[in-house]
Structure formats: C-alpha cells, structure tokens
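J.: Build out the structure end to end from the sequences listed, making use of the hints.
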Amino acid sequence: MSATLTDQRDSAVQSRTFPWHVARRPRPRQFDRPRFLVLVSVFTMALLFVPVVVVLLYSFNGTNSLVQFGGFSLHWYSSALGNASIRTSLWTSLEIALVTTALSAVVGTMLAFGLERGSRRMVQVSDSALVARLVAPETATAIALLLLFTQLGIGLTRTAVIAGHVALCLPFVAVVIRSRVAGLNREVEEAAMDLGCTRLGAMRLVALPLLWPAIAGASMLAFVLSFDDFVTSYFISGVGVTPLPVLIYSMLRFGVTPAVNAIGVMMMILTMAVIALAVPLLRLGRRRLAVSQPD
Amino acid sequence: MRRPNRRIYDFLLLPGGIVQLLLFLVPIGAVVLFSFGTTNIVGLPKIGFTWANYSEALQSFYIPVLLRTALFAAVATVICILLGYPLAYYAARYAPRLGRVMIAATVLTWLVDYLVRIYAWTALLDDNGLINNVISDLGFGRVQMLGSNGAVVVGLVYVYLPLMVLPVYASLTDLDPALIEAGKDLYGSPRATFWHVTLPSTRRGVLGGVLLVFLPALGDFATAQFLGGPQSAMIGNVINDQFTNSGSATFGSALTVLLLIVLLVGLLVVGRFARGAISGARTGVPA
Numbered sequence: 001m002s003a004t005l006t007d008q009r010d011s012a013v014q015s016r017t018f019p020w021h022v023a024r025r026p027r028p029r030q031f032d033r034p035r036f037l038v039l040v041s042v043f044t045m046a047l048l049f050v051p052v053v054v055v056l057l058y059s060f061n062g063t064n065s066l067v068q069f070g071g072f073s074l075h076w077y078s079s080a081l082g083n084a085s086i087r088t089s090l091w092t093s094l095e096i097a098l099v100t101t102a103l104s105a106v107v108g109t110m111l112a113f114g115l116e117r118g119s120r121r122m123v124q125v126s127d128s129a130l131v132a133r134l135v136a137p138e139t140a141t142a143i144a145l146l147l148l149f150t151q152l153g154i155g156l157t158r159t160a161v162i163a164g165h166v167a168l169c170l171p172f173v174a175v176v177i178r179s180r181v182a183g184l185n186r187e188v189e190e191a192a193m194d195l196g197c198t199r200l201g202a203m204r205l206v207a208l209p210l211l212w213p214a215i216a217g218a219s220m221l222a223f224v225l226s227f228d229d230f231v232t233s234y235f236i237s238g239v240g241v242t243p244l245p246v247l248i249y250s251m252l253r254f255g256v257t258p259a260v261n262a263i264g265v266m267m268m269i270l271t272m273a274v275i276a277l278a279v280p281l282l283r284l285g286r287r288r289l290a291v292s293q294p295d
Numbered sequence: 001m002r003r004p005n006r007r008i009y010d011f012l013l014l015p016g017g018i019v020q021l022l023l024f025l026v027p028i029g030a031v032v033l034f035s036f037g038t039t040n041i042v043g044l045p046k047i048g049f050t051w052a053n054y055s056e057a058l059q060s061f062y063i064p065v066l067l068r069t070a071l072f073a074a075v076a077t078v079i080c081i082l083l084g085y086p087l088a089y090y091a092a093r094y095a096p097r098l099g100r101v102m103i104a105a106t107v108l109t110w111l112v113d114y115l116v117r118i119y120a121w122t123a124l125l126d127d128n129g130l131i132n133n134v135i136s137d138l139g140f141g142r143v144q145m146l147g148s149n150g151a152v153v154v155g156l157v158y159v160y161l162p163l164m165v166l167p168v169y170a171s172l173t174d175l176d177p178a179l180i181e182a183g184k185d186l187y188g189s190p191r192a193t194f195w196h197v198t199l200p201s202t203r204r205g206v207l208g209g210v211l212l213v214f215l216p217a218l219g220d221f222a223t224a225q226f227l228g229g230p231q232s233a234m235i236g237n238v239i240n241d242q243f244t245n246s247g248s249a250t251f252g253s254a255l256t257v258l259l260l261i262v263l264l265v266g267l268l269v270v271g272r273f274a275r276g277a278i279s280g281a282r283t284g285v286p287a
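Listed in order, the protein sequences are those of chains A and B.
Each step along the first sequence adds one to the number in this note's numbering, with nothing skipped, and position 1 is 1.
Each step along the second sequence adds one to the number in this note's numbering, with nothing skipped, and position 121 is 121.
Derived from the structure by calculation, the hints contain no laboratory data.
Backbone N, C-alpha and C fix where the C-beta goes; we use that ideal spot for every residue, glycine too.
Accuracy of the hints is not assured; some may be wrong.
[What the hints assert, rightly or not] Some chain B residues flagged as far from chain A (calculated, every beta-carbon gap over 12 Å):
1. S55
2. Q59
3. A74
4. S201
5. F226
6. G229
7. Q231
[Said to hold, decoys possible] Chain A is faced by these chain B residues, among others (derived, beta-carbon under 7 Å):
8. D10
9. P15
10. G17
11. I28
12. A170
[Said to hold, decoys possible] Now the stretches of chain B that chain A is said to cover, found in silico as 3 or more residues with beta-carbon under 8 Å:
13. 30-40
14. 109-117
15. 144-152
16. 216-223
17. 242-254
T.: Structure, rendered in structure tokens:
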C-alpha cells in the first residue's frame, strides 16, 4: 500500500520537473535543499540587482544629486540625447563595433576551421597564441598596442581602435565557432565532394550553413564586447576618437552628471536589442541544423 | 583522408595568425623590449639595455602595490566563488525554470556598461549614500566606505561576478544528476556527496570562472580609481599613470612585465590547485 503511494508520488514529481528531479525519491525533510543555499542565492541576486536598480532609478532622477531622489523626470535622457559629443561618441562606438564584428566574424570563422582541421604543428602554434591572448589582462594588451602604435608612428585613429578590438574579440569568436566546427559531421562534406564539390565549395555550401547559428552567436558576442569595451578603447583612442565608454570615463572624472546613468541605460537597451535580434537568427540556424543532420 | 589538399586548412589559419602576431605577440614583445629601454631628454622611450626600470619598479614603494593587487584579485575571486557557486547550484539543481531566468538576469546585469556599474557603487557607498542612510537609520552611525580597500574588493566582485556564475552554471547543468543520486545511495551525507561528487565534477567550470575573474581583476584600474583611495591603488592604476599622464613609458613597460609575471605565478598556483583537485577526485580520499 505504502509502496504504491510512493510510486504515485514519484510519477507526480517526474511529470512536474525535468531533468533534475526525474529519479529523485521524495525526501521532504532532508538536508537536500539547504536553507543557506536559498539565502546566499537571494543575497547574490540582490547584490547583482541593487546597483542596476540604482542606475535605473537615478537615470529618472528629477534633481542632479546622486544621493537624493527628487521625483521622476526624463531630463537626463533628453540632455544625453541632445548632447552633440554624446551622439558623436555613440556613432563612433557603433561604427567601431559593427566593423569589428564583421571582421572578427570572417577571420574568426576561418581561424575556427583552421584550428579544428589544420596540421598539428600550425594548430599548436596558433592555439597557444590564442590562449595567451585570452589569459593576458586587457590592460597589458592595450598598453602593448599603444606602445607599438606610438613607436611606429601609427596614428591613434578609429582604424587603430578597430584593430585593437578585432584582436580582442577574435579569440572569443574563434573559440565559440570552433566548438561547433568540431561537432560537424565531416561525412556530409565528403559526400558533397564526392558529388563534385571542391573542398572550399563544400565548406561554403555545406559547412557554413550548418555553422550559421554559431557564427551569429559569436558575432553577437563580438559586438557586445566591442561596444562595451573600455580598456582597449581608452588606451588606443587618440584625439577626436571617443567611443562611448571612454566618454563616460571622462564624464565621471571631470564633473559628475546623472546623464551617465541615462547613457548606461540606453547602452544596455541597445545591447539587449542586438541580442534580441540575434536570437531569431539563432533559432533559424538551429532549425536548419536539425533538417540537415538527421539523427 | 583520401584527398591530399588538407593544407587549405593551414591557410585558413593565416589571417587570424597575422592578427595574433601583429596585434598581440609583437606588441607584447615591444613592451618587454622597452622595459629595458631608456628615455631621451624629452622623456620619450628609447631602445637600450638597462635594469634601471626594474630596479625602480622593485623599490619598496611598488612591491606593496603589486602584492595588494594580487591580494585584491584573489580575495575577489574567492568571494565570487562563495557567492556565485551557490547561486549557480540553486539555479541548476532546484529551479529548472526559475534558474534559467536567474542566469539570464545575471547576464543582464553584466550588460550594463562596466564604468556605469562601478559608478553605481559610489552612490551606494557614499557617506550620504543608500547604505549609510540605512545604517544610520538603524542607529549605527555613518561609516566611511568609499576609498577603502573593502570598497575596491566589493567593486571587483560586482564587476566580475557574472563571469563566475556562467561557467559554473554551465558545468552544473552538464552534471548528471544520477551521480549525485549514486553518492546518496552509497550513504554519502549531502556534504560528503557535494565534496566528493558535485564539486570535483564541476571543477572545470569553477576553474574557468576563476580565470575569468582573477585575470582581468589583476589588470583592473577603473574600480580602484573610482571606489578606492590613495592607499588602495592597484598596479593597473600605476601603469595607467605611466602611459596616460606624465609618466615614463619604459617604467610602465617594466611594471606591465611584472604584472604579467604575477599573473603567470597565479596561473601556476591555480594549475597546481586544479591538479590537486583532480587527483583528489580520482582517489576519492574520504575526509
């Protein structure tokens, strides 16, 4: 009698939750769900969100105090959008991020194929360079670029910042795409080549469409990394090139204004919009992957 | 392989390799080169060979800065594990649907601009800020928090915490729950199961998180600049001064090389720790 009761309870648990609770025996008064875990989780979520709420709240602040809240107002948004230097910086940041995204997506995809399928020695060399780059703090790599550019007399222009951002984003892009290249079924490409495709043709017509979601995801990552990047931009941007985070830095250093909060909120909305745009693309790609890779 | 033209894949490595070479390896080489360099009369760096920059950097004034930097980064990393692991664990194991929302929310906070996130803490930690208002309302009096070492560590934790949560969450969702069940079936207490099954199985995620938090924290300078005081400057602040204000690029280069050396030492320590964790998991020595 009690056994059937347990079975019933088991199936109820199974139907409700997946996948963690599937084979779980009901142990109501167990140490299993420690209260401290809930406490720490709640505390951490609060820690993560309180500053964000502060930014959001003060971006609508009616007074220009950073400590007192004086009524709701869109003043800081209009002053931020009405400021010519902020608008210029926004366009600079967008332009840099878009060019960086395109370049690192193309180079990163090639790199991913090379890393996964190249000869062992070449792969070892490029792999260790990538790992070293991922491990080095951005301050060090940015200063290294600054030193090289100034010593060679290369101007600290928009192009220089883009070069720095491509170098920054490339390892991440390559790592993301590479994991998908590793999962590709090589036989499909072999089949295409048996049907008369060249190796490059097989890559373009067979592998690339399958990689589309990974490439879109990696591009999204590159965009966010570049658009939000402060350290590299800060060191490499010269006079007349001021990406938005660098502008925020100088605003924070000289003369505090809550407009920074409004800019921060708008930047967050923009990056979220980019991600929201990329998600349907990823879905599309996944469907395609499902069609061409029957299990 | 039947077809011989595999070298095409090596050629695909070329553009990325050139980017890595010209925009990473050569610049780092330049830093090492100029760290031995001298400066000319107007203070511009010149190639040469002298240990002067290193002996200046290893003066008693800069050693505490280097040690403090390593300490801040290490403490921030440990706090990130202590806060991030339980959050990721709760999200992955106890709340399948809510968990995904929690992780998405964590990413969302990371999307707020880095400097704006740091700056939000000045509003919180200020002498007249939110936290002090709450404390004084409770009758404890105001505490000066802004400008302290603690404020810098709090800032570092906040800035890099999402980078700890994500890899740990990923490794926890990959963990087969049957393993935990097996630990229980073998009469392991929940605590023993956690130490001998769950934690070793997710060490890759923790390690990834440690790298993502510790390494950028070592080079961070904006956090200490906005939240810290003169007594809590990190090595990144000193390096920044050398390159952007009236400093010496050769001296800054030497400091950067020292920072990279501290980083390598940190990596070796983490690597040894990781090996220990792995062998501990293999032998399964009971506590």
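J.: Evaluate each hint against the coordinates.
T.: Hints and how they fare:
1. S55: 21 Å, holds
2. Q59: 21 Å, holds
3. A74: About 14 Å separates A74(B) from the closest Cβ of chain A, which puts it past 12 Å; holds.
4. S201: For S201(B), whose nearest Cβ neighbour in chain A is about 14 Å away, the distance exceeds 12 Å, so it holds.
5. F226: 7 Å, violated
6. G229: 16 Å, holds
7. Q231: 20 Å, holds
8. D10: Holds, because the Cβ-Cβ distance from D10(B) to chain A comes to roughly 5 Å (cut-off 7 Å).
9. P15: 5 Å, holds
10. G17: Interface hint status for G17(B): holds (5 Å vs cutoff 7 Å).
11. I28: Check passed: Cβ of I28(B) comes within 5 Å of chain A, closer than 7 Å.
12. A170: 12 Å, violated
13. 30-40: Since three or more residues must qualify, the claim that chain A covers the stretch 30-40 of chain B holds, with 3 doing so at under 8 Å.
14. 109-117: holds (count 8)
15. 144-152: violated (count 0)
16. 216-223: Per the Cβ count (6), the hint holds.
17. 242-254: holds (count 5)
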